[in-house]
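**Student:** Top to bottom, those sequences are chains A and B. Everything in the first sequence is counted per the numbering used here, starting at 1 for the first residue and increasing by one. Everything in the second sequence is counted per the numbering used here, starting at 1 for the first residue and increasing by one.
Mixed in with the good hints, there may be bad ones.
Lysine-lysine pairs mimicking DSSO-like chemistry, simulated, CA-CA at most 27 angstroms apart [as the list claims (entries may be wrong)]:
#1 697/B / 488/B
#2 541/B / 513/B
#3 227/B / 63/A
#4 728/B / 72/A
#5 585/B / 55/B
#6 125/A / 647/B
#7 151/A / 647/B
#8 668/B / 104/A
#9 193/A / 72/A
#10 119/B / 157/B
#11 65/A / 668/B
#12 157/B / 123/B
#13 607/B / 227/B
#14 124/A / 647/B
#15 736/B / 72/A
Which chain B residues stay away from chain A? Per the calculated CB distances, all over 12 angstroms, these [unchecked claim]:
#16 25
#17 30
#18 81
#19 83
#20 184
#21 514
#22 651
#23 733
#24 734
Taking beta-carbon pairs under 10 angstroms as the criterion, some of the chain A residues facing chain B (in silico) [what the hints assert, rightly or not]:
#25 45
#26 48
#27 68
#28 197
Derived by calculation from the structure, the hints in this document are not laboratory data. The beta carbon of each residue, even a glycine, is placed where N, CA and C say it ideally should be.
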Amino acid sequence: MENKTNRTFILKDVNLDVKEGEFISIMGPSGSGKSTLLNLIGMLDEFNEGAYMFNGQPVHELKEKQRTNLYKQHIGFIFQAYHLIDELTVYENIETPLLYQDIKPSERKARVADMLDRFQIVGKKDLFPEQLSGGQQQLVGIARALVARPKLLLADEPTGNLNSKQGEEIMSLFKKLNQEEGITIIQVTHSEKNADYGSRIIHLLDGRIEKKD
Amino acid sequence: MGTEVRGEHTFYSHGSPAPLAKAMRNDYAFAEKTTRVEVFWGTQVSVESPNNNIKKFKEDNGIAITTSDYFDIFNFPLVSGDITTALNEPNTALITQKLARKYFGSEEVIGKTINIGNKVNAKITGVLRDIPLNTERVQEIYVSDKNLKDFSDWQAKEDSWGGFTSECNTFLLLKPSVAASSVEKIFPQIMEKYYAGNINKNVFRFHLQPLEDIHFDADYGGYVDKKYLWAAAFIGLFLIITACVNFINLATAQASNRSREIGVRKVLGGMRAQLFWQFIAETTIITMFATLLAVGLAQLSLPFVNTLFKVQLTVNPFMNTWLLLFLSVIVLTVVFLSGSYPGLILSGFKPAIALKGKLPREKTTGFPMRKILVIAQFSISQMLIIGTIVIASQMNFSKHSDLGFDKDNIVMLPVPIHDSIGKIKMKWLISRLKEVPAVKDASLCMEPPSANHSNVKAIRYDNDVKERPWSFNAKPIDENYLSLFNLKLIAGRGIYPSDTINQYIVNEVFIRKLGLRSPEEIINKNISVDGVTAPVVGVVKNFYDKSFHLDINPVVMFPALNGVEHCAVKINVPGSRSGLASIEKIWNDVYPQYIYEHEFLDTELEKYYEFDDTILALIETFAGIAILIGCLGLYGLVSFMVAQKTKEIGIRKVLGAGVQSILWMFGKEFSRLVLIAFIMSAPIAWWFMNRYLEDFKFRIQIGVGVFILAIAITLLIAGVTIGFRSLKAAMANPIKSLRTE
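Next up, chain B with everything else stripped away, as it sits in the complex (with noise of 0.2 angstroms):
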């Protein structure tokens, strides 16, 4: 069950409030089963080890707290242990075989204990056999539901309606004979049961989503938008047809090496049928060799496409069935596409004729069939070149853009504790640090100024009665923040050091969604945050808090401890690697029952944009093969049009062309044929990259240099494959030329 929040901008989630399971199970009787499951990402797990030492490790893939009906709509099966029973009792966890492998050394592990995030000591109940690859629930730990308030007391609460995490989520299976539809409709009386009197109740809306569809859908912050998928079938389609028009441009163009041999076949009895079943056996024999090759090939590269992607393909055509059913169907169809048409040509030769060596006569003026291949070749490529120009161009800048922070030398370390005892622990390690030579400064805060997890919340301002329709982003800062990261002031001043929320700091953002003129006008009036109401003290320029896909957000800054979870530190670059030595040993000092890592900030941002990287390198490689087809169906117009063409180049030659004159007849001919190609892919990429563009809020706009550095780049590489063929005719003496047989 996936939750609808409206507002000013309605947003889809894949979670729901912590009670919903609950109320779901218990008030009415659509599902055979259902469940919810809270995961923690990123905790730390502690083993003591046989000669008493404790091993510490972070687990990126973090915990999941459900219950073990969870297990009967998930199929992940236990190894070892019972799971009916399994995560009954609190403190109890199971684990995968991966993990007790490297926990203990071995599988055998029920019984023994293992510390969670430094609140839990969970004794194993059960051994998951190990996560497969394609899920998106990633979790190696799962941990009983009653510990759910050792990690979140807000989401083990049974009334925790009013708001909710996407990290919680509740699952339904619904028995047979239930359509969703119907299950559907009773979610406003669940509004109506548990919302009444409260703020949400218009903002909240329930849906189900069906599980397959969780991975493709966009608006749930599914991983991939389905249309990437289509895009890329696609694009490979266009490159079998342009291999498949190109194998018949080549096997025509070689017709009249075979001429003789045709000729011969046929005075020998050979007839059109029998010939032209000769040449589609030799298209089936070439076709699937290049099949072998193509899956020996694909396994080798498996290792680079599989980390430049980062999936986990595997490519077995004797495990996978629809693998061998498409290699089987592809073979079939290129051998009939490419063999057919030459195979019909070939067949037809005149014995005569074709003795004598002599093709019949094929026009090498006007728009024969092979020149508007070449042409939809060079199409296909063209497009893929802008497309690549542009989403490298947008990667550029996004990455490399000011962001009205700085970014570069700041290192972001974890603060893992902020109770009464985290509170004294973070301003010891912060002073602590400041006394290191390579440090020159450091902040405590939740997130830098721009980070991909963010505190959602609304405000009400001044003498408002209710609060404002639109949310904004909280960043809990301490007073070094500002300076630490340059961030400017346009009005007011920073915040005073403060150990709970007394001020404010907001930006322009801001002050533009209350509709205040000038930034002086909020100076000391107060907001109210979740009851806290306080001065705003100052104004900051606008600074990308996300990614440049989203707009920016309105921001409240605010000195608040409880909130902190990271201690920013910008060192000196000289004597950074000795500075790093003891910004660690520092920490460890401060948390030694924790792990330390250390994040650098410029390396962090440039995660937001890794599924467009991906993107990028899937397009240059598709224009890398598209160009290399191209190329090579290049290649065999030019050499067809200088086998058609040597005898009218001798003539030139005698009557005095030089050779660069004959090279211009070849060059015109092809910058023609680029151009065409140019002018119809042109708008088509102009528009699919402007699609592209629109997911982003801050983009480049596409000017005239990318299509002219497109064009000068596939006129460049027409240039280079066609040169060495042409100069070769131009350069060949006209007597050899005109010899007639």
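One chain only, chain A, in its complex shape (with noise of 0.2 angstroms):
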């Protein structure tokens, strides 16, 4: 990050290759640059120097559109705080990725209809999120995530804002969706337990990989 007085590294010198199919947690204390990086990773920020080579595309060199055109398609986003839509239904949430993908209404109403059945949330779709618990918030999240069918899914602290029971919930579906639908993941978290659902843990400290297992 450059600003006008002094350049600060947000991240230094991370080299990080993931290959398809993998479970991958970011550990580090506050400050450490996990949620950059996952942002970068997510192509929603951008990097000064370095390079990023996404299924074989270089990323840094793509324009804002055709980098759009790529998350879009491949990568879906869980936030700790979930960030619904307060004025949506849950459908209309779960359907809102569809809308800028130019998917035809029938063939959006068929995907929808398939996330609600599987979390078993059918009977809540014109529930607002007002209306849910934070485990369900989370739930109409993650199927908003997966509706577009990304093969990679990025999540920052997902749990951070539940209690253990459902933290455990969310967490054996991740595990579920890796080994079954094989979606790589890639989490940010503090908490070892839900590191160790993953097959590998990488350790940021002030910018820079600490260990990797």
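Put the two chains together into one complex, using the hints given.
**Tutor:** As structure tokens, this is what we get:
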């Protein structure tokens, strides 16, 4: 990151290879740059130095529109604060990514129905986020992230606002998605317990990789 | 006292017959004072200057001929001279201080002589205080009543009851115990006594009109209909309300910026009431500064406003108690209207939530108060935009339509005298004018085809015993008139040269009113005007003889040198400048005692619409202000929506939304608001504009195009206003938007 007077490095010398189908956890104390790394992987942010190859494509050389198309189709994002749109129903929230991908109405309907069914929230499809519990809201968030059939799922402290039981449910779900459907998952987490669900752990400290397991 | 003239079209006039005042004074005891005053406009005044040169002046406001009891009724005091005797002798006059200085360079002018209209040499017997700006009696020269015969022997006669001019006014100062209604009861007796055997006995009817009503009474030709004043007042009120509404909108939208401050104040012990009054105090300071700024701006814009609307206003709160009162009331109302609601909202924030900088969540969907207020503002703006378009179109139509005669490159010159010498002079004038190379044609006439002033008369047709019950527009012309003005004959021929009335030409409306089926039917039939019978030799196609406010009258044209008041000159455009100079020289040769002036006909005709032009300017100004305020409100709303939707925009961008679709989120919402405003405002605007257009006999139709244009303009303005703000929001980095506290 460059501000006017000096250059501050948020991430330094980060070299990371992720293969399809992996389940990776990124850990580290506050301010270590975990979320920044995740945002970069998700193409939501830009970097000044370095290179990023996604599926063989050089992301850092792509124009804004091409990048948007790329992450639209392949990446799903899950947030700690769920970030659902309060004015839309559960159904509409899950449907939203499909609207930006030019998918026909009948196809959209089918996919959303499929998601609702899978997560067993069909009965809640017309409710608003504020009428759901934290765990249910996160489920909706995950459903929304998955509805576009991404190959890569990025999760930023997905269980941070949930109690331990809800947290376990979410993490089991992740494991299932990874093992049964081959979806690559990269999560940022504080909790050692959550990190153990994955196959690999990256530790960050002050913007550098401390150790990799 | 005014006169109602009943006939096919009844109209009311300020004027009354010349002998009426004396009759009222002699026959009845209602009035403390009775007076008659006669006005002659555009008189020439000549003054002999010390070195024996004659200075000529044209006084457009003219002279008023009256007796000294006029000044007992109207308060026009003298600064020198004795009002009780000043006008008693013939050949005496009063002039104002302003004119005294203009003619003689000082105000010591009693005993000096001025020549009025080349008819009377009057001795000045008094100097009037300068006439105030807001009076209808604008004459600055008053002449003794004994000189009336020099200006009009018809008016000076004791028995001229048969007709009247609107420039002859009769005023009564009723005794305190006398009610107007009891005076009106005796009017039939007057008709009996003076109109026995007169054909106008059942046509004229007298009425009393209180002096204070004169300015506004449209029926009697008052300057302005009060409805326009009310309309302007309402619009002004709307604009203030709109501004207050905006203030509320913006203040509450800005609430998020102050939530932390309020949270802290409450934690430190501030109570709700204290915070409320703090907000009211802030609003008061803002409003008072705004008011001071407004008074200053009003002062600065005064010259511009006065020219634009042809008024003479002054703005001085310290001289005008009404103004001061009004301003105070406005300040108080605005402060409480605009300040209470935001004050209540802000002071109601819960400290815990406020400290976190979070707001109580407000819906952005549906129709919260905010959106309703914006819709209301845009409705007002749209109505004013539609009004502007319609009035401008009507003005364009009125001023640029083909009037049925040529009006370009035609100059009107005055013909000041038409007695026996005058007749020789005018023929001399026209023959010399025709020799000027730049002059294409010239014609002696009373007025051009379309003129404000007209002679109204009645006719007898063919073998009629009685006159027809309708009147027509009588136009003295000469043999060049039809070709100069390019009037089209549809039957018969033009007139042969003649000094007296021996032929008539009529228009199509005239034919229609007689009930004839074709114009040929009237050729060579006789008609009789004022006792003069002669055949009709030609029929012209209709032309607009008055403004588009009025119907086309039946018109009769005839040769009559004693009716000539103008010479119309058609000039070639190349060489027109030197041509005009030659024309002026020739005219001054022919009439050395008079002042030369010329008017281009097309400029003259535009004066028909002076008042409409003023209305147009007024509405354009209001529309501009309303649009400005509306845009401010809109900007406030979009800022508010952006603030509320920052997170949602971030989420949508993460989910793949492009800048375009975010922009459309805002665009869709605001287009909806504009459309709703349009649906509400269009019918109302349509109704008002129809009322306005009803004042015109010849008018445009309010087509779909007007509404499409209005809505396009509004959408454009709305788009520009919200464009920048929503673009900025749409391009924001989603990560920043989603950052949780």
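**Student:** Would you mind marking each hint as holding or not holding in the structure?
**Tutor:** Checked hints:
no. : hint          : result
1   : 697/B / 488/B : holds (22 angstroms)
2   : 541/B / 513/B : holds (15 angstroms)
3   : 227/B / 63/A  : violated (63 angstroms)
4   : 728/B / 72/A  : holds (22 angstroms)
5   : 585/B / 55/B  : holds (17 angstroms)
6   : 125/A / 647/B : holds (22 angstroms)
7   : 151/A / 647/B : holds (26 angstroms)
8   : 668/B / 104/A : holds (22 angstroms)
9   : 193/A / 72/A  : violated (31 angstroms)
10  : 119/B / 157/B : holds (18 angstroms)
11  : 65/A / 668/B  : holds (23 angstroms)
12  : 157/B / 123/B : holds (24 angstroms)
13  : 607/B / 227/B : holds (22 angstroms)
14  : 124/A / 647/B : holds (23 angstroms)
15  : 736/B / 72/A  : holds (19 angstroms)
16  : 25            : holds (83 angstroms)
17  : 30            : holds (78 angstroms)
18  : 81            : holds (84 angstroms)
19  : 83            : holds (81 angstroms)
20  : 184           : holds (71 angstroms)
21  : 514           : holds (74 angstroms)
22  : 651           : violated (5 angstroms)
23  : 733           : violated (7 angstroms)
24  : 734           : violated (6 angstroms)
25  : 45            : holds (6 angstroms)
26  : 48            : violated (15 angstroms)
27  : 68            : holds (6 angstroms)
28  : 197           : violated (24 angstroms)
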